Amino acid sequence: MTPQQPPRIPTLMLKHFGSGSNIEALLGDLAEQYQQNNSAIRYWRQAMKAIPVSFFRDIRAHKWMVAQALMTGWGLWILAANLIFPIVNYNPYTTPNASRVSFHVVWSDPRSVIAFTTLPAIGAAFHPKGPWSTPVAFLFALALPAVVGVVSGWLAAHWQVCIQADPATLRLARVHQDRKTSVVLLFAGSVLLMNLLPFTFLFDRHIVFLVPLLTLNAAASVVGILLGGGLFRDRSTGVGN
Amino acid sequence: MRKGEYLGNFDLMLLLAVMRLGDNAYGVTLAQELEAQTRREVVVASVYATLDRLQERGLVTSSLGDSTPERGGRAKRYFRITKAGVREVRDAQQSLMNLWKGLPELKGEKA
Numbered sequence: 066m067t068p069q070q071p072p073r074i075p076t077l078m079l080k081h082f083g084s085g086s087n088i089e090a091l092l093g094d095l096a097e098q099y100q101q102n103n104s105a106i107r108y109w110r111q112a113m114k115a116i117p118v119s120f121f122r123d124i125r126a127h128k129w130m131v132a133q134a135l136m137t138g139w140g141l142w143i144l145a146a147n148l149i150f151p152i153v154n155y156n157p158y159t160t161p162n163a164s165r166v167s168f169h170v171v172w173s174d175p176r177s178v179i180a181f182t183t184l185p186a187i188g189a190a191f192h193p194k195g196p197w198s199t200p201v202a203f204l205f206a207l208a209l210p211a212v213v214g215v216v217s218g219w220l221a222a223h224w225q226v227c228i229q230a231d232p233a234t235l236r237l238a239r240v241h242q243d244r245k246t247s248v249v250l251l252f253a254g255s256v257l258l259m260n261l262l263p264f265t266f267l268f269d270r271h272i273v274f275l276v277p278l279l280t281l282n283a284a285a286s287v288v289g290i291l292l293g294g295g296l297f298r299d300r301s302t303g304v305g306n
Numbered sequence: 003m004r005k006g007e008y009l010g011n012f013d014l015m016l017l018l019a020v021m022r023l024g025d026n027a028y029g030v031t032l033a034q035e036l037e038a039q040t041r042r043e044v045v046v047a048s049v050y051a052t053l054d055r056l057q058e059r060g061l062v063t064s065s066l067g068d069s070t071p072e073r074g075g076r077a078k079r080y081f082r083i084t085k086a087g088v089r090e091v092r093d094a095q096q097s098l099m100n101l102w103k104g105l106p107e108l109k110g111e112k113a
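Order-wise, the sequence lines are chains A and B.
Position 126 (the first sequence) corresponds to 191 in the working numbering; numbering is contiguous.
Position 1 (the second sequence) corresponds to 3 in the working numbering; numbering is contiguous.
One thing to keep in mind: the hints can contain errors.
Here are the simulated DMTMM-like pairs of lysine to aspartate or glutamate, each with C-alpha atoms no more than 20 Å apart in a straight line [claimed, not checked]:
# : chain 1 : residue 1 : chain 2 : residue 2
1 : A       : K114      : B       : D54
2 : A       : K128      : B       : D54
3 : A       : K114      : B       : D13
4 : A       : K245      : B       : E72
5 : A       : K114      : B       : E37
6 : A       : K80       : B       : E72
FYI, nobody ran anything at the bench for these hints, they're computed from the structure.
This one's a predicted model, so the numbers in the text were calculated from it and none came from an experiment.
Given the sequences, and given the hints that come with them, work out the whole structure.
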C-alpha cells in the first residue's frame, strides 16, 4: 500500500527553515505519525512548533559561533550601506531638491544609525516625484537591498570571522553545515528588526509616504538574505516531498 | 552534581522513556510513551532538542537506523541511555525520594 503523503506546505517549511542535524529524522517521525493518525492539524502543529524549537535550541547550543557569523553578515551589510550612502547622497535625482525629506547620518543619534541600515529605501524616497517614478528609485528601493541581502546572507551562512583571544587575531572559518539555517534565520530576523524600527519614528515626522517603500525594502532585504543563505535550496536526502 | 547540571522534569521523563523503550527508542515511540504517561501532546521537536542536550552531556547516545517508505525514506534516530545517564536518573530518584518523605500533602492528609 502506498503511504499517504503528509501536508506539503508544513513539510516544505520545516525542511527549509528547520535548524540542526535532526530535521531529516524529525520529518520522518512526523510522516510516520501522520500515517498512524492521519491528522493534518496535528501535523501542521508539530511542524510549525518544530521550527522555533529547533531554532532556539541551535542558537542556545552554539551562541558564540552564531554571534560570530551574525557579526560577519552585519559587517558586510554596514560596509555595503557605507558604499551606497555616497551614491544616494549625490544622486542627481535627489539633490539639490531634497524637499520632502532630508537624511544625514548622525552617529550620536541611534535613530539615525538605525535608518542608515535602510538607506537604499530612504534614498529612493528623495526623488521629488516619489519612489516609483524612475528605474533609479526602484533600484534603490528593491534591487539594492536584495543584492546586499543575497551577498551578506551567503557570507553569514558560509563564513564567520573568529576572534581568537591568544594571540588577539581575526581569522575566517567555515560555518558548520548544520548551523547554517539558524545563522541565516537570525541574521534575517535582525535585519528585519532594524528595518522595522524606523517605522516607529516615521509617523512623528509626517513622512508616512515612506511606509510602503520601507516595507518593500524590508521584504527585499529578508528574501535576499534567505536566498543567499541557501534556505530556499532543497537540502533533503529523503524520498518524496 | 555540579551547579547547573540538575535534570529538568522533561529531561528526567525522557531518560525514563528511553530506558523503558530499550532498543526501540526513537522520536515517534518516545513521544507516544510520554503522551501515554502524561496525557498531554508532546512536540516531537522538543524531544530531539532535549535529547541533543542530554547527548552533549553524555547521558544518551544516538545512532541512525533504517529508513522506511512510510517515513518518506528518512532514517530513524535511535537513542540509548549511557551508564552516566542511568547514574544521573538514580541520583535524581534519590533526591526526589528524600524530598518526598514525610510530606502530609502527598499522603492525602491535607488538601
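We went through each hint and held it up to the structure:
1. A:K114 with B:D54: OK: A:K114 and B:D54 at ~17 Å, within 20 Å.
2. A:K128 with B:D54: 15 Å, holds
3. A:K114 with B:D13: 19 Å, holds
4. A:K245 with B:E72: 28 Å, violated
5. A:K114 with B:E37: Roughly 17 Å between the alpha carbons, so the hint for A:K114 and B:E37 holds.
6. A:K80 with B:E72: 17 Å, holds
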